[in-house]
Structures are given as structure tokens and as C-alpha cells.
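2 protein chains.
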Amino acid sequence: MPTDDTGHPALGLNDVVHQKTRLALLTVLDEAGRADFPYLKRLLGLTDGNLGRPLDILAAQGIVEITKGYEGRRPRTWAAITPKGEQALADEMSNLASLLTRFQATSDRKRDERPA
Amino acid sequence: MPTDDTGHPALGLNDVVHQKTRLALLTVLDEAGRADFPYLKRLLGLTDGNLGRPLDILAAQGIVEITKGYEGRRPRTWAAITPKGEQALADEMSNLASLLTRFQATSDRKRDERPA
Numbered sequence: 001m002p003t004d005d006t007g008h009p010a011l012g013l014n015d016v017v018h019q020k021t022r023l024a025l026l027t028v029l030d031e032a033g034r035a036d037f038p039y040l041k042r043l044l045g046l047t048d049g050n051l052g053r054p055l056d057i058l059a060a061q062g063i064v065e066i067t068k069g070y071e072g073r074r075p076r077t078w079a080a081i082t083p084k085g086e087q088a089l090a091d092e093m094s095n096l097a098s099l100l101t102r103f104q105a106t107s108d109r110k111r112d113e114r115p116a
Numbered sequence: 117m118p119t120d121d122t123g124h125p126a127l128g129l130n131d132v133v134h135q136k137t138r139l140a141l142l143t144v145l146d147e148a149g150r151a152d153f154p155y156l157k158r159l160l161g162l163t164d165g166n167l168g169r170p171l172d173i174l175a176a177q178g179i180v181e182i183t184k185g186y187e188g189r190r191p192r193t194w195a196a197i198t199p200k201g202e203q204a205l206a207d208e209m210s211n212l213a214s215l216l217t218r219f220q221a222t223s224d225r226k227r228d229e230r231p232a
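In order, the protein sequence lines correspond to chains G and D. Heads up: the first sequence begins at 1 in the working numbering, then just goes up one per residue. Heads up: the second sequence begins at 117 in the working numbering, then just goes up one per residue.
Isolated chain G, as found in the complex (with noise of 0.2 Å):
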């Protein structure tokens, strides 16, 4: 839904997602499907501790799963996004889009009220 009742898009953003690195995070996955965490990492200028903590906010809500195993005798971590992260992203996006859409209605009616 993009707007809440107030009408506002901005307040149907939801925090979960909007976060920066989570919706770095969530976009990188949505267009790799899985990823492991050096990819994660240097793809997004991230260290451990600032890739772990969003990823885990982000797996406590069912919206990213986080698998680990091995690959050789190495032992990797693969972060993807869920079913549900899919459609969280998919609402996020559609906030973004009103908030947009907005935004540019604004922009426009100041350039047009401006003295020529």
C-alpha cells in the first residue's frame, strides 16, 4: 500500500527496509538471489560487524535467510532474499515511487510559480 492514512507516502515506509544498508542490501540480493558475505561485503563497502547486524534484523523478520556451509573445506555464509523480503521490497519501492511522483509535482509547481 503506498500511502498510509494520513495520506503522506513517506509514513508508509517501512523503517525494517527503508534503513540504508538494508535496502542496499536488500536490492543487492533481490537482483543476485543469493550472495555470499565477502561479495555482500565488498560490494557494498561493508565490514563484518556493519554487514552482520542489518543481515540479522533482516533475518529475524523472515525477510533474508541466512545459510551456512561449505564449499571445499572452506566455510561459507550465503545471505537471499525471501518470498516475503520480495514483496516487503516491492512495497518499499512502491512508497518510494509516490514519494516520487510527489516530490516532482512539487518541483514543478515551484518552477512554474517562480517570477520569469
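Read the hints as simulated data drawn from the structure, not as lab findings. For clarity, every value in this text was computed on a predicted model and none was experimentally measured. Positions of the beta carbon are idealized from the N, C-alpha and C atoms, including for glycine. Possibly wrong hints are sitting among the right ones.
Stretch-level coverage of chain D by chain G, calculated; a stretch enters the list once three of its residues show a Cβ under 8 Å from a Cβ in chain G [claimed, not checked]:
hint: 1; region: 130 to 136
hint: 2; region: 140 to 150
hint: 3; region: 157 to 169
hint: 4; region: 210 to 217
Straight-line Cα separation of at most 35 Å, DSBU-like style, residue types lysine-lysine; simulated pairs [claimed, not checked]:
hint: 5; chain 1: D; residue 1: Lys157; chain 2: D; residue 2: Lys136
hint: 6; chain 1: D; residue 1: Lys200; chain 2: G; residue 2: Lys20
hint: 7; chain 1: G; residue 1: Lys110; chain 2: G; residue 2: Lys84
hint: 8; chain 1: G; residue 1: Lys20; chain 2: D; residue 2: Lys136
hint: 9; chain 1: G; residue 1: Lys20; chain 2: D; residue 2: Lys226
hint: 10; chain 1: D; residue 1: Lys200; chain 2: D; residue 2: Lys184
hint: 11; chain 1: D; residue 1: Lys226; chain 2: D; residue 2: Lys136
hint: 12; chain 1: D; residue 1: Lys184; chain 2: G; residue 2: Lys110
hint: 13; chain 1: G; residue 1: Lys41; chain 2: G; residue 2: Lys20
hint: 14; chain 1: D; residue 1: Lys136; chain 2: D; residue 2: Lys184
hint: 15; chain 1: D; residue 1: Lys136; chain 2: G; residue 2: Lys68
hint: 16; chain 1: G; residue 1: Lys84; chain 2: D; residue 2: Lys157
hint: 17; chain 1: G; residue 1: Lys110; chain 2: D; residue 2: Lys136
hint: 18; chain 1: D; residue 1: Lys200; chain 2: D; residue 2: Lys157
hint: 19; chain 1: D; residue 1: Lys157; chain 2: G; residue 2: Lys110
hint: 20; chain 1: G; residue 1: Lys68; chain 2: G; residue 2: Lys41
hint: 21; chain 1: D; residue 1: Lys226; chain 2: G; residue 2: Lys41
hint: 22; chain 1: G; residue 1: Lys20; chain 2: D; residue 2: Lys157
hint: 23; chain 1: D; residue 1: Lys200; chain 2: G; residue 2: Lys110
hint: 24; chain 1: G; residue 1: Lys84; chain 2: D; residue 2: Lys226
hint: 25; chain 1: D; residue 1: Lys136; chain 2: G; residue 2: Lys41
hint: 26; chain 1: D; residue 1: Lys200; chain 2: G; residue 2: Lys41
Once you've looked at the hints, dock chain D against the given chain G.
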């Protein structure tokens, strides 16, 4: 600038402006020019506490300007977006537009790959 060096638009987001309540406040102030505290609280469903802190953060960055005055004998406080704030909001919106374009391209690709 819509992207950072790694090329992912989510990384170009500026958290000062991106954070949900601050983004809501800035879009409202961009529309209204300036607004008093009761109006902002009502529109965004905020209390004194959760309106004050985000406004303080935005004011400390020169993104909004807080003015205290009187209407008759009643003290009032207004918030207004500054030119620096308008630029920061325009940058955020440009980043969000890039993110949306990328998300839409991924969605289209996934749809095309789905078995008929």
C-alpha cells in the same frame, strides 16, 4: 550524484536525509515551505519527542531552520527547509529514482525468465 564509486545507487543515499522521519519532514517542508510544530505532528503522526529529535539533527546540518516567535501571545515554533536542504532532498530523490529504475529492470528480467 546518483551513485557512489561502487556504482550501486543505494550507497549514494545520505542517511541524514534518508532516515524515515527526517525524509517525511523534509518532503512536507518542501511542499509547505514552512510549517509549525502542531501541523507537522498532526500530519506525520508524531509526538513532541519524536518530532524534536529529527528536526534538531536536520537543523544541526543546516538542512532546516527553526524559528521561534509569537502569534498573538501564544508562542509558536516553525520549521523551514533551507536551500541546502532543498539540494540534499533533490540528491536523495535522484538516488531513489536510480534505485527504482534498477529495481524495475530486475523485476522485468525476472518476469522474462519465469517459465511461461
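Evaluation of the provided hints:
1. 130 to 136: Three-residue rule met by the region 130 to 136 of chain D, so holds; n is 4.
2. 140 to 150: Since three or more residues must qualify, the claim that chain G covers the region 140 to 150 of chain D holds, with 5 doing so at under 8 Å.
3. 157 to 169: Our answer is that it holds, as 3 residues pass the Cβ test (under 8 Å) against chain G, meeting three.
4. 210 to 217: It holds, with 4 qualifying residues against the three required.
5. Lys157/D <-> Lys136/D: holds (15 Å)
6. Lys200/D <-> Lys20/G: holds (21 Å)
7. Lys110/G <-> Lys84/G: Since the Cα atoms of Lys110/G and Lys84/G sit roughly 39 Å apart, the hinted pair is violated (cutoff 35 Å).
8. Lys20/G <-> Lys136/D: holds (10 Å)
9. Lys20/G <-> Lys226/D: Between Lys20/G and Lys226/D the Cα gap is close to 24 Å, so the pair holds against 35 Å.
10. Lys200/D <-> Lys184/D: This hinted pair holds, its Cα atoms lying about 20 Å apart.
11. Lys226/D <-> Lys136/D: Distance of about 29 Å is within 35 Å: holds.
12. Lys184/D <-> Lys110/G: Roughly 26 Å between the alpha carbons, so the hint for Lys184/D and Lys110/G holds.
13. Lys41/G <-> Lys20/G: holds (15 Å)
14. Lys136/D <-> Lys184/D: holds (25 Å)
15. Lys136/D <-> Lys68/G: holds (32 Å)
16. Lys84/G <-> Lys157/D: Measuring from Cα to Cα gives roughly 32 Å; hence the hint holds.
17. Lys110/G <-> Lys136/D: holds (24 Å)
18. Lys200/D <-> Lys157/D: Roughly 23 Å separates the two Cα atoms, so the pair holds.
19. Lys157/D <-> Lys110/G: holds (24 Å)
20. Lys68/G <-> Lys41/G: holds (16 Å)
21. Lys226/D <-> Lys41/G: Judged against 35 Å, a Cα distance of about 24 Å means the pair holds.
22. Lys20/G <-> Lys157/D: holds (24 Å)
23. Lys200/D <-> Lys110/G: Holds: Lys200/D and Lys110/G sit about 16 Å apart, inside 35 Å.
24. Lys84/G <-> Lys226/D: Within the cut-off at roughly 16 Å; holds.
25. Lys136/D <-> Lys41/G: holds (24 Å)
26. Lys200/D <-> Lys41/G: holds (32 Å)
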